[in-house]
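Trainee: Residues per chain, in single letters:
There are 2 protein chains.
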Amino acid sequence: MIRVAVLGYGNIGRAAEQAIVAAPDLELAGIYHHDDNLDDLQADVVLLCTPTREVPAFATIMARKGICTVDSFDIHGQISSLREQLMPLCLEHKTVSIISAGWDPGTDSMVRALLLAMAPKGLTYTNFGPGRSMGHSVAAKAIKGVKNALSMTIPLGTGVHRRMVYIELEDGADFKTVEAALLRDDYFAHDETHVIQVESVDELNNVAHGVHLTRSGVSGVTHNQRFEFNMEINNPALTGQVMVSCARAAYRMKEHGEYGCRTMIELRPIDMLPGKAEELIRALV
Amino acid sequence: MIRVAVLGYGNIGRAAEQAIVAAPDLELAGIYHHDDNLDDLQADVVLLCTPTREVPAFATIMARKGICTVDSFDIHGQISSLREQLMPLCLEHKTVSIISAGWDPGTDSMVRALLLAMAPKGLTYTNFGPGRSMGHSVAAKAIKGVKNALSMTIPLGTGVHRRMVYIELEDGADFKTVEAALLRDDYFAHDETHVIQVESVDELNNVAHGVHLTRSGVSGVTHNQRFEFNMEINNPALTGQVMVSCARAAYRMKEHGEYGCRTMIELRPIDMLPGKAEELIRALV
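If you're matching them up, the sequences are chains A and B in order.
Counted the way the working numbering counts, the first sequence spans residues 145 to 429.
Counted the way the working numbering counts, the second sequence spans residues 145 to 429.
Please keep in mind that the hints were generated in silico from the structure rather than gathered at the bench.
Honestly, I wouldn't trust all of these hints.
Below, in silico cross-link-like pairs of lysine to any residue (SDA-like), each with a Cα-Cα straight-line distance of 25 Å or less [what the hints assert, rightly or not]:
1. A:265 to B:172
2. A:288 to A:349
3. A:265 to B:376
4. A:265 to B:265
5. B:265 to A:422
6. B:238 to B:348
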């Protein structure tokens, strides 16, 4: 059994715990909160389910202990530099760190890589939603006069998105003033944005999300090769499950001496799955 | 530049040649017909574009020469045993053979593996078509009285398919007799099959094909996670391109000393793509 611990116990941490317990070849090696003392933590792999900005520090601590990590670090512009930062640590301490292992970045990245191998020229569009954007919801909540906010991402195709922003006002706040401030905010100024006042944001909350990823491209010299990947999912449940599947891959890569920091496009799909290679090949190929 | 040769020059071989020429990091190391003398063949990788039943023999010859191979061997029930057969040869001669590298088996296999990692419990259905089934067309053509035949696979969902069989009769053959014989044939007896007499099968021929692959499954303990992968493609163009992308992966795996016989679910997506890891990660993850 591969011993997998969970660090951070919000929505993702709880979903990851469930996926560990459901797996035939993994056992839960403990649940830690991000302010716990980690000196006695023992595990083959630790899932970093903390807020994304805390990931680099915890990944560093674990690499120094020689423990593999998996995170779902989701700041797209900083993934490559996080990989560069963790790579020498992983090599020095003979460990594996799989970063940005969620659904985007994560499994969507693998699909984008696969489609590029199938049709090297062309355009891929990743359309998100309908679903809650955490970043936009936080940005909306930071506007003066907003008590609580939910920003839904609505896909309009070709990577263009509408923002439907549901806000609960603080006592005495003026809707028109708040709406104008929100529409000027850099998070919303570039997209079609609708602001809607509601009594209770909490009553609208829902962890459903979706992706509609398309590619039209060229295989060799043949144009009009068309591909699409769609999903409608519970967001934390999928993120937790993907992290758990990557924990298995991290463990196996360490066993094979393939140390280093890797993104999901650098993993073999088979390493994410329980069972013997021969049986998986018979069932899936 | 990676030197890639093509062995077998039918639809797939021609498409593979085009994909090699279009690739920025590959060069064509020659085109061979399956009865050519192969003693002087020099290449980093040879694409085996021969009929599928000839693949094991040519893969063996190439492995003994220390040359990597890629094939699109498509007899699903024999893939695992072909891998077992080629594995020791590849290890002995320090080479890499990537087998069953097309779209199914091939890229569809990678998608099925990925979906299993995302939702370990549930049902995946692979629905093929609309498109020509080579095996069923050959079986229809073998019926007494049939001059030429085209069997189209029509997806009805949940992995159930209809067969639309277009036949050109030999002079003097009776349609009703031929139809009855065809419907009794083991290739057609188990599916909804429609037989249609036409003047010219050649005028219907079209290399378009498609896939509609679905999974509804469970991530952790969360049900109703829904995924689908669709494509509408030119069949030989995609097969040739996938083989060429796998040639790159085979070359890199050999460079890293990762010798052996592998299916596509055992490849890292990044190894199929040209360019530097850092740039691919920035573009795709």
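Trainee: Decide, hint by hint, whether the structure agrees.
Mentor: Now the hints, each set against the structure:
Under the criterion of a C-alpha separation no larger than 25 Å, the hint pairing residue 265 of chain A with residue 172 of chain B is consistent with the structure, at around 19 Å. The hinted pair formed by residue 288 of chain A and residue 349 of chain A meets the criterion: a straight-line CA distance of about 21 Å does not exceed 25 Å. With a CA separation close to 16 Å, the supplied pair residue 265 of chain A and residue 376 of chain B stays within the 25 Å bound. At roughly 35 Å between alpha-carbon atoms, residue 265 of chain A and residue 265 of chain B are farther apart than 25 Å, so this suggested pair is violated.
Pair hint residue 265 of chain B plus residue 422 of chain A holds up; C-alpha atoms about 19 Å apart against a cutoff of 25 Å. Between the alpha carbons of residue 238 of chain B and residue 348 of chain B the distance comes to roughly 46 Å, so the proposed pair goes past 25 Å and is violated.
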